[in-house]
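Participant: Chains H and F, in that order, are what the protein sequence lines are.
Here the working numbering = 1-based position in the first sequence + 164.
Here the working numbering = 1-based position in the second sequence + 164.
Since the hints were derived computationally from the structure, they do not count as laboratory data.
Note that CB positions come from ideal geometry on N, CA and C, so glycine has one too.
Hints may contain errors.
[Claimed, not checked] Only pairs whose alpha carbons sit at most 16 Å apart, straight line, appear in this in silico EDC-like list of lysine to aspartate or glutamate:
no.	chain 1	residue 1	chain 2	residue 2
1	H	Lys318	F	Asp422
2	F	Lys358	H	Glu330
3	H	Lys418	H	Asp455
4	F	Lys405	F	Asp422
5	F	Lys335	H	Asp323
[Said to hold, decoys possible] Computed from the model, here is a short list of chain F residues facing chain H with C-beta under 8 Å:
no.	residue
6	Ser202
7	Gly218
8	Pro257
9	Thr258
10	Ser262
11	Ala265
12	Ser275
13	Lys318
14	Pro351
15	His352
16	Ile434
Each chain, letter by letter, is given below.
Number of protein chains: 2
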Amino acid sequence: MDLHITNILNDLKKDDFQAYLLTKFTNVEYISGYKPTSFAFCIIKENPIIYASGMDMELASRDSSIEVREHDSFESMIGELKKEGIKRLAIEPTLPFSTYARFRDDFEIDSKTYIDKQRMIKTPDEIEKIAEATEIAQKSFLQLDILNNKNTEKEVAFDLVRAMIENGASKESFDTIVATGAESSLPHAIPQDKVLQQPVLIDWGAIYQGYCSDNTRTVVYSERQQEIWDIVAEAHDKAIKAIRPGIKCCEIDKVARDIIEGYGYGDKFIHSTGHSLGLDIHETPGFSLRDETVIEKGMVITVEPGIYLEGEFGVRLEDTVEISKRGNVIGNLPLNIL
Amino acid sequence: MDLHITNILNDLKKDDFQAYLLTKFTNVEYISGYKPTSFAFCIIKENPIIYASGMDMELASRDSSIEVREHDSFESMIGELKKEGIKRLAIEPTLPFSTYARFRDDFEIDSKTYIDKQRMIKTPDEIEKIAEATEIAQKSFLQLDILNNKNTEKEVAFDLVRAMIENGASKESFDTIVATGAESSLPHAIPQDKVLQQPVLIDWGAIYQGYCSDNTRTVVYSERQQEIWDIVAEAHDKAIKAIRPGIKCCEIDKVARDIIEGYGYGDKFIHSTGHSLGLDIHETPGFSLRDETVIEKGMVITVEPGIYLEGEFGVRLEDTVEISKRGNVIGNLPLNIL
Numbered sequence: 165m166d167l168h169i170t171n172i173l174n175d176l177k178k179d180d181f182q183a184y185l186l187t188k189f190t191n192v193e194y195i196s197g198y199k200p201t202s203f204a205f206c207i208i209k210e211n212p213i214i215y216a217s218g219m220d221m222e223l224a225s226r227d228s229s230i231e232v233r234e235h236d237s238f239e240s241m242i243g244e245l246k247k248e249g250i251k252r253l254a255i256e257p258t259l260p261f262s263t264y265a266r267f268r269d270d271f272e273i274d275s276k277t278y279i280d281k282q283r284m285i286k287t288p289d290e291i292e293k294i295a296e297a298t299e300i301a302q303k304s305f306l307q308l309d310i311l312n313n314k315n316t317e318k319e320v321a322f323d324l325v326r327a328m329i330e331n332g333a334s335k336e337s338f339d340t341i342v343a344t345g346a347e348s349s350l351p352h353a354i355p356q357d358k359v360l361q362q363p364v365l366i367d368w369g370a371i372y373q374g375y376c377s378d379n380t381r382t383v384v385y386s387e388r389q390q391e392i393w394d395i396v397a398e399a400h401d402k403a404i405k406a407i408r409p410g411i412k413c414c415e416i417d418k419v420a421r422d423i424i425e426g427y428g429y430g431d432k433f434i435h436s437t438g439h440s441l442g443l444d445i446h447e448t449p450g451f452s453l454r455d456e457t458v459i460e461k462g463m464v465i466t467v468e469p470g471i472y473l474e475g476e477f478g479v480r481l482e483d484t485v486e487i488s489k490r491g492n493v494i495g496n497l498p499l500n501i502l
Numbered sequence: 165m166d167l168h169i170t171n172i173l174n175d176l177k178k179d180d181f182q183a184y185l186l187t188k189f190t191n192v193e194y195i196s197g198y199k200p201t202s203f204a205f206c207i208i209k210e211n212p213i214i215y216a217s218g219m220d221m222e223l224a225s226r227d228s229s230i231e232v233r234e235h236d237s238f239e240s241m242i243g244e245l246k247k248e249g250i251k252r253l254a255i256e257p258t259l260p261f262s263t264y265a266r267f268r269d270d271f272e273i274d275s276k277t278y279i280d281k282q283r284m285i286k287t288p289d290e291i292e293k294i295a296e297a298t299e300i301a302q303k304s305f306l307q308l309d310i311l312n313n314k315n316t317e318k319e320v321a322f323d324l325v326r327a328m329i330e331n332g333a334s335k336e337s338f339d340t341i342v343a344t345g346a347e348s349s350l351p352h353a354i355p356q357d358k359v360l361q362q363p364v365l366i367d368w369g370a371i372y373q374g375y376c377s378d379n380t381r382t383v384v385y386s387e388r389q390q391e392i393w394d395i396v397a398e399a400h401d402k403a404i405k406a407i408r409p410g411i412k413c414c415e416i417d418k419v420a421r422d423i424i425e426g427y428g429y430g431d432k433f434i435h436s437t438g439h440s441l442g443l444d445i446h447e448t449p450g451f452s453l454r455d456e457t458v459i460e461k462g463m464v465i466t467v468e469p470g471i472y473l474e475g476e477f478g479v480r481l482e483d484t485v486e487i488s489k490r491g492n493v494i495g496n497l498p499l500n501i502l
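This is chain H alone, in the form it adopts within the complex (with noise of 0.2 Å):
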């Protein structure tokens, strides 16, 4: 049997559960290989078993290494699991609170993180094709000529989409950032049609063979901007120079907060450090206040500190780190591209 569902067996043993239900589609696509494209019940247990939707039979038949059956009706379903004597059911903490609603009654119910930890852990392979897409992604991104660019945040977005498709990705990991002038102060800006204005930041990211990617790159101009961009960069730097495992996830944020709070930007800093990734572009554990997950080898987050002077501009700088012996940065490409 796989790894994966060996290891989530002798976790569902421990806590004395019988069955777990999955149906978050990058949690069936990690178990199974295959994705669903409209819904699926996946349950972990002695003998897994995915429960797809009409519609995906063809695909799931031909994807999933585990057996599919065609999902017929909750009674049915839970029917089949109760004669199998599953009484306590592990769930997703993501789990729909309606889906949940309809198990409740027959099982003895609690949410686990089991999938999320064997997910934080990234195998050789899942690292190789983050590295691909990091690699496709970076390259799309030097092919922008950025710096003599007169289209609009939306076309540059755009441009960059088609070159990392071009370059072998299968689509975008999320939604293009290009955010420029006073938007930038914005973490999570959409393009407008407006020609790009100064400073520019990008946030982009490709998915290759399943895997996401994501940097974030900002250019400057003003002296006033550069030295914001300075402070954003030294804190970049020293939180990735501070990853190693055995060390817990805040003391990574604390030390990029440290950095940006020393220059009095403490509350410019609006969001967390970084966060992992993998199929998903956010996973945990991330690099934030709270998080007090010890770091391991094979994860893999990203580092992102920002500074958002509203109605001014603002500036962040990302790169993704695989943690080995110490934090490597996944690609080459400079945080200074002038």
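Given chain H's structure and the hints, the job is docking chain F onto it.
Facilitator: Leaving out everything else, chain F in the frame of chain H:
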């Protein structure tokens, strides 16, 4: 106070709830005009409020029509709600279990579809945006010159998205499907790196000012493909003709399904006949076997019968229908684009 909020307050009162928690981004957008980019807790009560992420505060303050406060912690949010005398709290069916679990010890909780029910009935302004999205999408489709197109599925999908953005869309309303040859038998196929084969099935849509469009066309080339196309077209046309306020959604599904079954392909029509759309690409109600919702004026629902012959090919034809005195197709793209 906004009519949407007033209606929900009335619903709450009837069911003896004191507040309604919304976290789904499009629900928060529907109520407040602010679309979260990270997370938000929108609480509908006598004095409605949104607890937004720190990184969204600039955006939320700019866009929201209701009060916005920065989210601090679950404890403080729950404390404030209790101080206001809130005992019974309604939630969305889609609320993640882990969020529900944060509230369940302090409130009596049940999920309610008040917001989905409001969103079922579109205002004239919403319908206009859906119509504009549809016009952009259909115009862009015609620019592709499918009949003489020698590009790959991936390239065609990409060109279609580019055309939609150039024609005024903010983005595609879902991952564009360009499925040709045998791949067309997968209802949610992913575009491949292969030059268009026959038949060509394209399922695509635009977003305009937040609102989605959705269409499918299939171009067939052989007699056998035409035979299947004719059956699907008959199901499509007769289902649309049957639409009028007062009859049930499942009756429309039955019209389409009976026709396809009559020709012996009942088991090859592997999904519902249609779904509502609006701010989301999939909303309720839907034209499905089990949906007993009575059709009302102002609903906007797709009609998209299909026949999928595994290993051979598939045909799907889809239009979006606005319900007034009868079912009016939105847009004017012929079913047969040859």
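Participant: Of the hints given before, which are not true for this structure?
Facilitator: 1
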